[in-house]
Amino acid sequence: MIETIARTADYIRGRVGEMPDTAVILGTGLGDLVNHIEIKAEIDYHSIPDFPVSTVEGHSGKLIFGNLGGRYIMAMQGRFHFYEGYDMKQVTFPVRVMKALGVKTLFVSNAAGGMNKEFRVGDVMVITDHINLFPENPLRGRNYEELGPRFPAMTEPYSQRLIAMADAIAEADGIRLMHGVYVGTQGPTFETPAEYEYFRIIGGDAVGMSTVPEVIVANHAGMEVFGVSVITDLGGKDIKEVPSHEEVQKAAIQAQPVMTRIITEMMQRL
0 MIETIARTAD YIRGRVGEMP DTAVILGTGL GDLVNHIEIK AEIDYHSIPD FPVSTVEGHS
60 GKLIFGNLGG RYIMAMQGRF HFYEGYDMKQ VTFPVRVMKA LGVKTLFVSN AAGGMNKEFR
120 VGDVMVITDH INLFPENPLR GRNYEELGPR FPAMTEPYSQ RLIAMADAIA EADGIRLMHG
180 VYVGTQGPTF ETPAEYEYFR IIGGDAVGMS TVPEVIVANH AGMEVFGVSV ITDLGGKDIK
240 EVPSHEEVQK AAIQAQPVMT RIITEMMQRL
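Residue numbers for the sequence shown follow numbering that gives the first Met the number 0, beginning at 0 and rising by one.
Any given hint could turn out to be false.
[Stated by the list, open to error] Capping the alpha-carbon separation at 25 angstroms, the derived lysine to any residue pairs in SDA-like fashion look like this:
| # | residue 1 | residue 2 |
| --- | --- | --- |
| 1 | 39 | 0 |
| 2 | 116 | 166 |
| 3 | 39 | 191 |
| 4 | 88 | 160 |
[Stated by the list, open to error] Using C-beta positions, here's what the derived DEER-type ranges look like:
| # | residue 1 | residue 2 | range |
| --- | --- | --- | --- |
| 5 | 172 | 135 | 32 to 42 angstroms |
| 6 | 174 | 202 | 22 to 32 angstroms |
| 7 | 202 | 45 | 16 to 26 angstroms |
| 8 | 188 | 269 | 29 to 39 angstroms |
| 9 | 172 | 3 | 18 to 28 angstroms |
| 10 | 52 | 119 | 18 to 28 angstroms |
What the hints contain is simulated information worked out from the structure, not anything from laboratory work. Glycine included, every Cβ here is placed at the ideal spot set by N, Cα and C.
Take these sequences, add in the hints, and give me the full structure.
Pasting the structure below:
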């Protein structure tokens, strides 16, 4: 694994040159943030050695380098999911490569279903914590001390410093910004009404099929993490809506300006 990470990192460094210390992973329907980046270089996933390729509609599959909010960053336009058939090492491989390239701060975004009764479709939720319901942990197997400790603490998986920064921006700009716990599940089915109720009862506010594996690996690697979910649908026994991937994408696109504004301003303040 160490050699594979190094080979991929060397290829990207050779193509791009200067490496940033901040990265963003963009989820379903949230790729518009790239339009606000002053792009310096981009690489298709297909051309990167040992890199997986996204198979999901709404995930473009490019690694972008450029300036956002005056800060030089790397952005993944499209991510990889366990439900696509990739194993957890493949799903989280890009985070390993980011660390090897010098990334210290990771922003993650996703589209999620909401079960908090206060949420509305189109809300942006800062992730304060998560519940891991994936059937496998990305750290299972041999641990490489070069990558991180055998038993990493997950006491603060999402940076309180960055959450406070987002809250200050939202308050100053008059943005409705929610907080909540993200539940990560395998997918690819959307949740049943009873499952939505279960996730709410155990402490979840939103649910999705990504993010948790990447955040675990980022914490293992010692990165500071900020996470945000766009609430694209609502679920529960009293909700009669039938979610679809198309509707999720549509709601995510409508909410993009708020997410983009917050992340761009955070880049200015880092």
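Okay, the hints, checked on the actual structure:
A hinted pair counts as satisfied when its Cα atoms are at most 25 angstroms apart, and residue 39 with residue 0 does not qualify at roughly 29 angstroms. As the CA atoms of residue 116 and residue 166 are separated by approximately 21 angstroms, the hinted pair is consistent with the 25 angstroms bound. Among the hinted pairs, residue 39 with residue 191 is inconsistent with the structure: their alpha-carbon atoms are about 44 angstroms apart, more than 25 angstroms. For the given pair, residue 88 sits about 29 angstroms from residue 160 by alpha-carbon distance, which is inconsistent with the 25 angstroms threshold.
Separated by about 40 angstroms at the C-beta atoms, residue 172 and residue 135 satisfy the suggested range of 32 to 42 angstroms. For the hinted restraint 22 to 32 angstroms between residue 174 and residue 202, the CB-CB distance of approximately 25 angstroms keeps it satisfied. At about 40 angstroms, the CB distance of residue 202 to residue 45 disagrees with the hint of 16 to 26 angstroms. In this structure the hint that residue 188 and residue 269 lie 29 to 39 angstroms apart at CB holds, the actual value being about 37 angstroms.
The supplied range of 18 to 28 angstroms is broken by residue 172 and residue 3, whose beta-carbon atoms lie about 42 angstroms from each other. The hinted window of 18 to 28 angstroms between residue 52 and residue 119 is violated, with their beta carbons roughly 35 angstroms apart.
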